[in-house]
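Engineer: For reference, the chains in residue letters:
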Amino acid sequence: MAISYEAVRDLTANLYEWSLKKIPEDAKRALETAIEIESNETARKVLSMMRNSAQRAEESDRFVCSDSGVPVYFVKVGTRVQFSGDVKRAISDGFAHLVETIQPPLLKHVTNPLTNERGHAGKDMPIVSWDMLDGADYIDVTCAPKALGSGRWAELKIMSFPTLQEIEEYVLDVVIRTAAQQCPPVTIGVGIGGTFDHCAKLAKMATIRPLGSINPVPELAAMEERLMTAIAKLGYGPMGTGGDTTALAVHVDYASGHGFTPVAVSFNCWISRRTRARLYDDGHVERVE
Amino acid sequence: MPKTHHLTLPVDRDAIRALELGDLVFIDGEIVMTAGLPTHKRILEAMDGKRELPFPLDGAALFHLGSYSVDTPDGFEILYMNPTTSTRFNPVMPAIIRHFGLTLVCGKGGLDAASAEAMREVGCVYLSILGGGAALHSDAIRKVVDVGWTDLVSHYRMVKMQVEGLGPLTVEIDAHGHNGYDLRQQSARDRLPALLAEMNAARG
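Taken in order, these protein sequences are the chains called A and B.
Taken in order, the first sequence gives residues 1 to 289; the numbers are from this note's numbering.
Taken in order, the second sequence gives residues 1 to 204; the numbers are from this note's numbering.
Among the clues, some could well be false.
Reference excerpt, derived from the structure (chain A facing chain B, CB under 8 angstroms, subset only) [what the hints assert, rightly or not]:
| id | residue |
| --- | --- |
| 1 | V46 |
| 2 | M49 |
| 3 | M50 |
| 4 | F63 |
| 5 | P104 |
| 6 | K108 |
| 7 | R118 |
| 8 | M239 |
| 9 | T241 |
| 10 | I271 |
If you are wondering where the hints come from, they were derived from the structure by calculation, not from laboratory data.
Backbone N, C-alpha and C define an ideal beta-carbon position, used for all residues, glycine too.
Kindly generate the complete structure, drawing on both the sequences and the hints.
Structural biologist: What follows is the structure, encoded as structure tokens:
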């Protein structure tokens, strides 16, 4: 048995399309909870409209957001997997084929930063990160297309031996400087430690951690609670038009590092765009999110 | 309790000046939309007489919405539309609001104090529209009136269309200089010291 070029191409293209037309189940639950506990009447109306928008897109097979983002994949390769064809080419071809066939069509968001020309293809697109899964007989693929509205607010700062207080103050400072322009309620991902690149990855991955999941590190679970409580009291609310529901979650992860400690803050907007599936060595696909 | 208004465009200035922060608004009539900074630059060039506008913008309702337009034998069709962040256009909006005497600006994320001042001068309000609302907003499209600057990518084009029941949108900058975004930002900054103290206490 082996994973074919065609299987990777079709799965990665499908994951992209699914992510655009349906919000994850945990995001739906998080919105429902927010509607119940939000104290501001206008904010409850905005949250209900979000729920209705997601529902309408899903039942009519349309996009939730017109900004279909740039293609971003996280691929973890099981060590017991064999491939019968090219994998990187499969992902690029899958996206190119999706651009040709998807209905409705995608707007041109892939931008050459040197010229600001826009299209559907470009250097390093799709953006794919790779990892290994010891002992697994599948590849685990997450697709999280990144849009402008939430993508532009991420930030990273290198500190030196910071205290938890200094880290949390920085996170709040970033949140305040975004002034709620990233389509809240957002999921806030925070990375602490490692190196410049690793810390950014931690924050990014934290934004796509399932909503409602408990952080296994007690110090971080407590930090998440402190930040959630404080951010709710900032008063920005859904779409930044007032209320308690500015964040659906704060997710923090850390890595050991040196005495220079990067702290990264990343955001996912209320639609929590991501899909995930496992493609097994025998060819079958299991949807995870 | 926020009030709910149904506005039919074009709307007179008294109705605009009667809108208060937090009010909900549904829109019927003709709106103009674009999500492009290059488009806004072209509008500035037109104001300087260096370029022709595809259609007049006097008293217009300018929406920061991107749309997918396709040219069909029966004219342009809009497949979907959704807002972009208005603050990206902060540097150019005051001049555009004043020059054309815009009646409504709509998008997400708000505009700064200079735009709010221009809006106060001409009698214009800013409305917030849901981001991630493509399916709902697109259902309000009734007719594509005109699509200008078709050499640009779709969401940058300047599109004039008729909508019915677009909303609810919320009034976030009124025609009297009140800016809901600035008020909330000030309030968040004012609350910060107390919140940091609470966090320190919780950390122990």
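Engineer: Take the shortest C-beta to C-beta distance between M50 of chain A and chain B; is it under 8 angstroms?
Structural biologist: With a minimum Cβ separation of about 7 angstroms from chain B (threshold 8 angstroms), the hint on M50 of chain A holds.
Engineer: Take the shortest C-beta to C-beta distance between P104 of chain A and chain B; is it under 8 angstroms?
Structural biologist: holds (4 angstroms)
Engineer: Can the hint on M239 of chain A be confirmed by a CB-to-CB distance to chain B that is less than 8 angstroms?
Structural biologist: OK, holds: M239 of chain A within 8 angstroms of chain B, min 6 angstroms.
Engineer: Going by Cβ atoms only, is R118 of chain A closer than 8 angstroms to chain B?
Structural biologist: holds (5 angstroms)
Engineer: A closest beta-carbon separation below 8 angstroms is what the hint needs, so does V46 of chain A meet it against chain B?
Structural biologist: Nearest chain B Cβ about 7 angstroms off; hint holds.
Engineer: Should the hint that K108 of chain A touches chain B count as held when the rule is a Cβ pair under 8 angstroms?
Structural biologist: OK, holds: K108 of chain A within 8 angstroms of chain B, min 5 angstroms.
Engineer: Against chain B, with CB atoms and a cut of 8 angstroms, does the hint on M49 of chain A hold up?
Structural biologist: Interface hint status for M49 of chain A: holds (5 angstroms vs cutoff 8 angstroms).
Engineer: For the hint on T241 of chain A, does the least C-beta distance to chain B fall short of 8 angstroms?
Structural biologist: With a closest approach of 5 angstroms, the T241 of chain A hint holds.
Engineer: Are F63 of chain A and chain B close enough, Cβ to Cβ, to be under 8 angstroms, as the hint says?
Structural biologist: holds (5 angstroms)
Engineer: Is the hint on I271 of chain A kept, meaning its closest Cβ partner in chain B is under 8 angstroms away?
Structural biologist: holds (5 angstroms)
Taken one by one, the earlier hints all hold for this structure without exception.
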